[in-house]
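Hey, can you piece these two chains together into the complex? The hints should help.
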Amino acid sequence: MGDYRVLLVDDEEELVSTIVERLSYRGFESDYAINGQTALQKLREQQFDIVVIDLKLPGMSGNELINTISMAYPNLPILMVTGHGAGDSPAGAHPDGIFELMLKPLDISELVSKMREAIGAQERRHK
Amino acid sequence: MRKNDGTSNNVGEFPDRTGLPFVGRITGSVTHELSNVISTIEQVAGLLADLVETNPVLEDGLTARLHDISGRIERQTERGTVLIRELNFFSHLSDKESAEFDLTEVVRNIAVLSRRFANLQKKEILTTGLEHDVMIESDPLMISQLVFNALMIGLQGAESAEPVTVAVTKCDQHATITVNSKTSIGSPHLEASESLQRLAAELKCEVESNVVTGELRISVKCPPRRSTAE
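Read top to bottom, the protein sequences are chains A and B.
Just so you know, we're using my numbering here: the first sequence kicks off at 1 and counts up by one.
Just so you know, we're using my numbering here: the second sequence kicks off at 128 and counts up by one.
These are calculated hints, taken from the structure and not from any lab test.
Backbone N, C-alpha and C fix where the C-beta goes; we use that ideal spot for every residue, glycine too.
Mixed in with the good hints, there may be bad ones.
[Unchecked claim] Across the chosen pairs, the derived CB separations fall in these ranges:
(1) 260/B / 47/A: 41 to 47 Å
(2) 4/A / 192/B: 31 to 37 Å
(3) 75/A / 189/B: 42 to 48 Å
(4) 182/B / 73/A: 34 to 40 Å
(5) 227/B / 41/A: 41 to 47 Å
(6) 242/B / 71/A: 44 to 50 Å
For reference, chain B alone in the conformation it holds in the complex (with noise of 0.2 Å):
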């Protein structure tokens, strides 16, 4: 059963795996469907715009005013059509416990994943150096919950309408997902969690998380692929 520490900047852990491909499996399924369902409503909305294209004979106004619907379908549906393509990959991260994968693909998924938080506290959440491959050797599942209790420890001590930062680099054989947010010196959120330092113990990362001229940032160096390092 998942454990809840009960506070706010943390998911708590996994402590027992077993019915996460389970999860996975379902969640995977349904987004499969729930991308059938944006997509038909995406063509029906396009065979409305093609209706009024070819019957231009409509009441004034009317034309004007179909169109502007069928875009705003259409807009919903692209909405609909990217979180739906974010939740299945996030869906296929608990297939296997250790795998290689490129982390700047999970932090961009679970930086997608969190934009309503962000937004609930009126803030952003930014990603820079996505653009290159970052490949490492863990779990998927686990390192996303790294990544996103670090994001909502950054989203929680930083100010107001200031964005929060994730950054993914890379340095000799290390991987490290930087998260930056502008925070009150003093504020209780400078640290980073016991939960995520737990964490990352298990998958053998380490945090660094220091306020230095206001900014929080917290550092998680994840370890390099076995191949590399042997």
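Here chain A stands alone, though its shape is the one from the complex (with noise of 0.2 Å):
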């Protein structure tokens, strides 16, 4: 059993899944969705310690996803994943709601780290 548990919300399945098992082995216990659909299905299921969005998902977009969980579940950090190129970024460099913004290709060994953060900072605001 991981430390933490967190929800990956991706359409790419082969990274997502290949990415929750590489975090199994650095203390993290993960689940993945991906559409925002199934990602907010999960939330009512589930309990995480944090979500990691991509930007660009098919129907809900990344954005309205973030939106939504951050008035749903205020105290569940997230993270942001996005491309390159101007198509993808979104406005603003913190969007409302996000702890971070990460670049693709993900590095395991930050995104750990950013994660890890995220949590400390949860952690110690409800203290």
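As structure tokens, then:
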């Protein structure tokens, strides 16, 4: 059993399932969703300590999902992941609700570090 | 339809731009997908390394071999990532016919995307002066083509194994792109091509090319931003 539970949201199933497995070797028990609707369903059914969301999602966009999660789960830290190029960048460096913005390709060590940082910051706020 | 005048140091002109945003959209979309492919390969290579780490009992030499393979995959994915990032940037240059943008970013982008052309000639492209933003207002795609044309002239004129440098400077209200290469006096590529001159004229840029002590310099002076000129 990992220290923390993370939900990863990305429509690239091969990619996200591989990251889930890698995180399991690093103290994180993870699950994933390939779209916003499934992510919201999993959030209703399970407890997570952090959510990592890809900006580009089919159907409900990453931004919409972040807004929905921020309102429904205000204490849940969110990391946003984005690709590159003008078309991919969200408005503003850290849109409301985002702890950190990370660029693809993700470095697993950096992801783990940012997740621990975000969770730690949230835990300190609630002490 | 794009016209190619057949010479090897330019890529023709764009008399009709209507198809370009379409090309940009497709390229932008595919680079996004390719980026995901590279990311997946990189993570799978990392998973391979993780499995080796967590299962230390392997045949002699196999652990090192698997680490090596994982490292090789990661190096190629890093290479692919850079290229895809640059191609994605390039794909967005056709988004608008007139925009305010950082000239150094366009020069950097074209220098990276032109690397292979240089490698094929056993030459190198170096960049200088790209540390600070140099904002201009123009057609980003056509400016990139101008830079590319100037670079190709510089490469063709350069003596073998000598680098071609491209620099961006700002003076008064003008931004200048300078391509420098050591060239043999008497080389047929000393003058900026007619195509480059025409492209520059269309963009209201000035082109100067001269050979001083064996150096070919092509300077492209871009007009100032409209807001500063008013």
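Okay, the hints, checked on the actual structure:
1. Between residue 260/B and residue 47/A the C-beta distance comes to about 46 Å, which sits within the given range of 41 to 47 Å.
2. Judged by the Cβ atoms, the range 31 to 37 Å given for residue 4/A and residue 192/B holds: they are separated by roughly 34 Å.
3. Between residue 75/A and residue 189/B, the C-beta spacing of about 46 Å keeps the proposed range 42 to 48 Å intact.
4. Look at residue 182/B against residue 73/A: about 37 Å separates their beta carbons, and that is inside 34 to 40 Å.
5. Range check, residue 227/B to residue 41/A: about 44 Å between beta-carbon atoms, so the 41 to 47 Å window is met.
6. A beta carbon spacing of about 47 Å between residue 242/B and residue 71/A agrees with the range 44 to 50 Å that was offered as a hint.
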